[in-house]
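Novice: From just these sequences and the hints, can you work out the full model?
First to last, the sequence lines map onto chains A and B.
What the first sequence shows, in the UniProt record's numbering, is residues 1 to 1039, in sequence order.
What the second sequence shows, in the UniProt record's numbering, is residues 1 to 290, in sequence order.
No wet-lab data here; the hints were simulated from the structure.
Just so we're clear, the structure is a prediction, and the values are computed from it rather than from any experiment.
Do not take every clue at face value.
Unchecked claim - DSS-like mimics (lysine-lysine), calculated; alpha carbons at most 30 Å apart, straight line:
1) A/Lys-459 <-> A/Lys-449
2) A/Lys-138 <-> B/Lys-289
3) A/Lys-138 <-> B/Lys-203
4) A/Lys-856 <-> A/Lys-1022
5) A/Lys-491 <-> A/Lys-516
6) A/Lys-364 <-> A/Lys-850
7) A/Lys-850 <-> A/Lys-676
8) A/Lys-551 <-> A/Lys-532
9) B/Lys-18 <-> A/Lys-1035
10) B/Lys-87 <-> B/Lys-233
11) B/Lys-18 <-> A/Lys-862
12) B/Lys-18 <-> A/Lys-854
13) B/Lys-233 <-> A/Lys-855
14) B/Lys-87 <-> B/Lys-284
15) A/Lys-138 <-> B/Lys-87
16) A/Lys-369 <-> A/Lys-296
17) A/Lys-516 <-> A/Lys-532
18) B/Lys-247 <-> B/Lys-289
19) A/Lys-856 <-> B/Lys-18
20) A/Lys-209 <-> A/Lys-502
21) A/Lys-449 <-> A/Lys-491
22) A/Lys-138 <-> B/Lys-276
23) A/Lys-329 <-> B/Lys-109
24) B/Lys-284 <-> A/Lys-138
25) A/Lys-329 <-> B/Lys-87
26) A/Lys-1035 <-> A/Lys-854
27) A/Lys-296 <-> A/Lys-109
28) A/Lys-168 <-> A/Lys-296
29) A/Lys-1022 <-> A/Lys-850
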Amino acid sequence: MRQKRSEIYSVELSGTEDIVRTDQGDDKEKYRGLKNNCLERKKKNHEEEFQKELQLDDHKLSNTELEKKYGTNIITGLSSTRAAELLARDGPNSLTPPKQTPEIVKFLKQMVGGFSILLWVGAFLCWIAYGIQYSSDKSASLNNVYLGSVLVLVVILTGVFAYYQEAKSTNIMSSFNKMIPQQALVIRDSEKKTIPAEQLVVGDIVEVKGGDQIPADIRVLSSQGCRVDNSSLTGESEPQPRSSEFTHENPLETKNICFYSTTCLEGTVTGMVINTGDRTIIGHIASLASGVGNEKTPIAIEIEHFVHIVAGVAVSIGILFFIIAVSLKYRVLDSVIFLIGIIVANVPEGLLGTVTVTLSLTAKRMAKKNCLVKNLEAVETLGSTSIICSDKTGTLTQNRMTVAHLWFDNQIFVADTSEDHSNQVFDQSSSTWASLSKIITLCNRAEFKPGQENVPIMKKAVIGDASETALLKFSEVILGDVMEIRKRNRKVVEIPFNSTNKFQLSIHETDDPHDKRFLLVMKGAPERILQKCSTIMINGEEHPLDKSTAKTFHTAYMELGGLGERVLGFCHLYLPADEFPETYSFDIDTMNFPTSNLCFVGLLSMIDPPRSTVPDAVTKCRSAGIKVIMVTGDHPITAKAIAKSVGIISANSETVEDIAHRLNIPVEQVNQRDAKAAVVTGMELKDMSSEQLDEILANYQEIVFARTSPQQKLIIVEGCQRQDAVVAVTGDGVNDSPALKKADIGIAMGIAGSDAAKNAADMVLLDDNFASIVTGVEEGRLIFDNLKKTIAYTLTKNIAELCPFLIYIIAGLPLPIGTITILFIDLGTDIIPSIALAYEKAESDIMNRKPRHKKKDRLVNKQLAVYSYLHIGLMQALGAFLVYFTVYAQEGFLPHTLINLRVEWENDNVNDLEDHYGQEWTRYQREYLEWTGYTAFFVGILVQQIADLIIRKTRRNSIFQQGLFRNKVIWVGIASQIIIGLILSYGLGSVTALSFTMLRAQYWFVAVPHAILIWVYDEVRKLFIRLYPGSWWDKNMYY
Amino acid sequence: MVIQKEKKSCGQVVEEWKEFVWNPRTHQFMGRTGTSWAFILLFYLIFYGFLTAMFSLTMWVMLQTVSDHTPKYQDRLATPGLMIRPKTENLDVIVNVSDTESWDQHVQKLNKFLEPYNDSIQAQKNDVCRPGRYYEQPDNGVLNYPKRACQFNRTQLGDCSGIGDPTHYGYSTGQPCVFIKMNRVINFYAGANQSMNVTCAGKRDEDAENLGHFVMFPANGNIDLMYFPYYGKKFHVNYTQPLVAVKFLNVTPNVEVNVECRINAANIATDDERDKFAGRVAFKLRINKT
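Specialist: Encoded structure:
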C-alpha cells in the first residue's frame, strides 16, 4: 500500500491530485469503513472525537499563539516542574496497548471451555452421590470421591495444558511488541536534554533529526530540509517535506505538523508537542482498530460445532440410559453413577489438548516457512481462505525500483528483473549502448554506502532515491565498478534534479586521454529530454531527429508507459573542445553551456518488479480456488501491469476498458459479462453502493483495486465477507489495522509492517513474501484434513468405551471397563498417536481443491460421526468385548453365566459366588477378575486403536498408496501406545487404585482378528470410494 | 467473520423440524427419501449381520479354548474363601428369641440347605470313603466320569443337624447354629495332606467375652481330607461340600458380637490383607432377649 512516485515521471498522470482529493474529501468518507463495521456503541463516540481532533487548529496558529496556548516558551522550553505536572495530568506519551484479556480470565476460560463443563458436572454428581451415600451409610466407599477428584484433575490438567500452549504461542509474538525505548531530545529549563519519549508532554519543544521517529504529534517551528515518511499513517511512503509554513486547512495535509510514529527521513526539525499518547492522530486510529472485534476463527467454529455434537451425544445417551436404568429399577444413585460413566466414556477428554498441540506443531512448521502465527487457530483459517486481498508493494513486488526495459537503436530490450539481476541478456554490442551506459553511470548521484565489499550488489545499501539506486545497481551489475568509472570521468559540474527542470545534468571529463572534450550527460522525463535534442543516436551514429524518429520514440514511450513503468530519457553532448577548453569554468547558475540540441540516446524504464516466486504462487492460489484481489494505493496502470505480470489478471482476460479499446467502441457499450477482469479505482469505489461492490466482487474473477485509501480496504474486506468468503488480508500500515482485524485472517508484513499492523494481524509474514501465504494455505488445508483424521481416530474408541456401560446396565454383566481405565485411554495411550496424525502428508494435491465452504464442509460431518461411531467404533467394541469374554471364560465365568450377574457380583457379602464349573468366588477374587477384565478391555481397545490409527492415515487413498512407513511419527505413536499399555498392565498392575492387573501375554492378541477386520473393512470402503466416485457409497462413507 | 446469527422464531424452528421429519416436496422422511432409507437399512442389516457373524465366530473359536469341565486358569482361587449359612443380607445372624418371624426365614433356608445332606440321600448317592486321605479319582487317560463323591451325613452335625430338633437349630432358644463352609475350588488339595479344622473366636477381646461358649460339629471343627479334591460341577455330580456347624451356647444377649472363623490348614493362608474372606469369614451375631 505504498507507492514510489516522483513528480517528473509524467506517466503518473494525475496521481497526486487523486490522493489529495481522497484525503481531503470529507473525513467521513475516509473513515467510512470504520463507521460501517457494525460497532454501533463505539462508533459514534470515536467518530465524534475524531472529528474534533481534525478540527485541530494548531497548524494555523502563529508561534506566539502557540506559546500562549500551551504555556511554553519556544526558546527555553517548559520548566521541569510544569512538565511533571502535565505528565501527571495527561499520562505518559505512549499508546495504551490494546486491552489484554487478564491472564486469570484466559485461564478460567480454559477451565470451563469445551467438554470441561460436562466433566465438572460429572465430578459434582460424583461428590453429591457420595454425600448421599455417606448420609445413609457412614462406611460408604470413597470410590466416587476419587472419581470426582480424578475428573476435576483431568479438567484442570487439560485446562492448564491448553492455557500453557496458548501462552506459548502468544509469547512468540510478544517479542514483536518489545520496542526499544525511544528517546527524545527536548528543551526544558533552557537546556537540551535527552529523555525517554514517554515522558514528553504537550508544550515540550523537541528536536528531531533524520532517521528518528517523531516522538509525538508536533507542530513544526523550524526545519532544515526535513522530509518525513508518513507511511505508518497513510500508507504512502513517499517522503513529504515539512516546514513551519501553514499550507493546508486540513491538519493531515499541512506541512507544519509531524505525526507521532512517522519517521523523519532527512534533515532536522524543531517542533512543539501538541498531542501525546492516545490523543495523537495515530492513537485515535489505533483505538478505532481495537474497536473492531476479533471474529471467531473458522476452526474455532468447527471445534465448537464438534463439541456440541459430542456433548449432545453424550448427554442424550446419558439421560436416555439414566431413564432406562431408573425404569429397570436401579437405584437412582446408581443410575447417576451410570450417567457419569457414560459421560466420561463419551467425552474425548484428550482431544482438545491434542488439537491445540496439532495446531501449534503446524504453527511451528509455518514459522519455519516465514509465516509466524499469532493466534493458533489462525493456522487453519489460512487453509479455508477463499479470497486473498493482497497489497502490491513489497508483498507481490520486490519493493525496489529495478530497470525493466531499455529502448535504443529503435528497439525495446528487456532487462532481467529477477531478484539478483544475474541474467542480462540484451544486446550490449551496439555502441549506442556504450553511450547510454555511460550516461546511466555518470548522470547519477547515488552511491553505495561504504564497507559493503562482500555484500551482493543487489543487497548493498545505497544513498540515493529509488530510481537512482535502480540505475546504480543496474550499471554496477553490467559494467562493474561504477565508482571507478565515475572517478575516471571526473565530474566537473552538475545540476541535481528538481521538479521545475524535470531533468538532471552533469558535465564530466572523459576517460579517453586523447579526447579533451567535456561530456554533458542528462536524464529526465522523456518528453522533456526529447525537446532538448536535435539528433538521435542509432547504432552509434547521430541522426537528425525527424518526425518519423520522433514517432518511433513516442510509440516506445507509450508502450513502456503502458506497462506501468517509470520511463526516463537519456541524452548527451560532447562539448566542442574549442569552445569549452579544459580550463573552462562552468557555472550552473548562468548555465554557460548548451542545454539544447543534444543527442538523444535512449529510454530506460523502471518498475518495482514482481517477486519471482509470486506468479507461481498466484497460479497455485488460482488452482486452489482462491481468488487473489490486489488492493493497492498505486496508479491503476502500474497496478494492472503488475497484476498482469504476476497473473492476478491472467494473460487472456480483459477488462471492460480493454474490450472497448480492442473493439473501438465506448466503454458503455461493452457487455459487462465479457470481461473477466476489472480494475477499480478508489474514486469509483467511493461512489459505489455496497450492492454495486458486491456485484463486482461476485461477477469478476480477477479484480484489482487501485488508488484505494487504506480505509477503503476495510470496505473491500467487508464486501468479500458478504460473499460468504473467508478473507485473508495483507497489510503493513497503521491504517491497515482495522482491515487486518476485520479480515478472517489478517496478515502483517514482518519487515515493512508497522507494529500496529502486527498487533492487529493474526499472522506475520517474516519475509513479506506473497508466496509464503501460499505455503500457509497449504499447511492450513493439510491441518484441516489431518484434524479430521485425528478427531475420527479419537471418536472411534468412545463407542468402545461407551458400549460396556450400556451392556452393563441392560444385560447386567460385570462392568467391562472402569471409568479410570477409560481416562487412561483418553489421556494416556491415545494422545501421541492422535498427534502423530498431524504429521501425515496430504493424500492428493490439496492445492487443486476448492477452498472448503465454511458452512458445508464441516470438520466433523455426519459421515465422520456415523462412520466412527457406528462402523469402526462398533467393531472395536465387539473386539474389546471378545477379549473381555475370553478372560472371564478362561477363568471360569462363561459368557452366559455373566448375564444378569451384576447384583450378586457386586454384592460385598456374597463371598461364595458360583462360576460355571461350580467353584466359588469371594468378592475380592471377583473384583480382581473384574480389574483383569478392565485391563483386557483396555488392551482390546488399544490393539484395535492401532488398526484405527493406521486406517485414519488416509480418507480416500489406500494405505499402500500413502505408504505405511512414510510418516514415522505414526510408528512412534504406536510404540508409545504399546509401551504405555505395558507399563500400565505390568508396571502398575499392583497399584489397586488404578485397577490394572498383569494381563496374560496371549490376551494382547485376542483382538487382533478384529483389528485386521477394521483395516480390511476400511480398505474396502476406500476402494469403493475410489471406484465409484459420487455414488451412494461415496456420499455416505466418505468423511 | 460476521456470523449472521439469524434469529429464528419459535414457529420457524418448529416448521423446520416438521420439514425435516417429513418434507412433502422431496418426499423425504428425516432427510432421506424412501429408497435412500431402504438402502441404508439394507446396508446396516447386512453390515451388522456380518459383524454379528464375525463376533459369533470369534466367540465360538474362543470358547473352543475353554473346556466344559475344568477352567483353563485358576490363578485367582489359590486361597478358597469361607462362608456361613444361613446366608443373610449383611452377614449377620440376628435372632429375636421371642419373635419367631425373625429367625424362621433362617430356619427355612437351613432346612433347604441341609436337605441334600440327609443320610438317606447320602447313602443312596455317595460312597463311604476312608477318612484322613484324599479321595482321588484320576482320569488315567480315559475320562472317568462321573466321579464319585464321599458321604457327608447330616447326622454328623450333631445338635445342629436339625433332625427332630424342636429348637429349630437352637434359634428358638437363643443358641443358634451357624454353618461354616469352605468355597469349592477344583483340584484343590486342601490341607496339603494334613488334617485341618475350623476355629472360631470373637474378633476383639470384648467380642470374645460376649461370645461365650460354643460347640462345633464335627468335633473340633474338623474337615476331612476325603472331601477333596473337588472335580467340578460336571464331573463331580453329587459332590457334597463338608460343613462345620458352630452352636453358640451362651452369647451375651442384646449385644452385637463379631465372630471370626478361620480354617487352619497347611496350604490356606488366612491373612490376606485385601481379601477379607480368604480362608476366614467374619460375621455378626446378635441374640435379642427380653
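Novice: Decide, hint by hint, whether the structure agrees.
Specialist: Each hint tested on the structure:
no., hint, result
1, A/Lys-459 <-> A/Lys-449, "holds, 11 Å"
2, A/Lys-138 <-> B/Lys-289, "holds, 28 Å"
3, A/Lys-138 <-> B/Lys-203, "holds, 21 Å"
4, A/Lys-856 <-> A/Lys-1022, "holds, 22 Å"
5, A/Lys-491 <-> A/Lys-516, "holds, 14 Å"
6, A/Lys-364 <-> A/Lys-850, "holds, 25 Å"
7, A/Lys-850 <-> A/Lys-676, "holds, 19 Å"
8, A/Lys-551 <-> A/Lys-532, "holds, 16 Å"
9, B/Lys-18 <-> A/Lys-1035, "holds, 24 Å"
10, B/Lys-87 <-> B/Lys-233, "holds, 21 Å"
11, B/Lys-18 <-> A/Lys-862, "holds, 20 Å"
12, B/Lys-18 <-> A/Lys-854, "holds, 26 Å"
13, B/Lys-233 <-> A/Lys-855, "violated, 65 Å"
14, B/Lys-87 <-> B/Lys-284, "holds, 12 Å"
15, A/Lys-138 <-> B/Lys-87, "holds, 24 Å"
16, A/Lys-369 <-> A/Lys-296, "holds, 25 Å"
17, A/Lys-516 <-> A/Lys-532, "holds, 24 Å"
18, B/Lys-247 <-> B/Lys-289, "holds, 17 Å"
19, A/Lys-856 <-> B/Lys-18, "holds, 22 Å"
20, A/Lys-209 <-> A/Lys-502, "holds, 28 Å"
21, A/Lys-449 <-> A/Lys-491, "holds, 19 Å"
22, A/Lys-138 <-> B/Lys-276, "holds, 20 Å"
23, A/Lys-329 <-> B/Lys-109, "holds, 26 Å"
24, B/Lys-284 <-> A/Lys-138, "holds, 18 Å"
25, A/Lys-329 <-> B/Lys-87, "holds, 24 Å"
26, A/Lys-1035 <-> A/Lys-854, "holds, 19 Å"
27, A/Lys-296 <-> A/Lys-109, "holds, 15 Å"
28, A/Lys-168 <-> A/Lys-296, "holds, 20 Å"
29, A/Lys-1022 <-> A/Lys-850, "holds, 21 Å"
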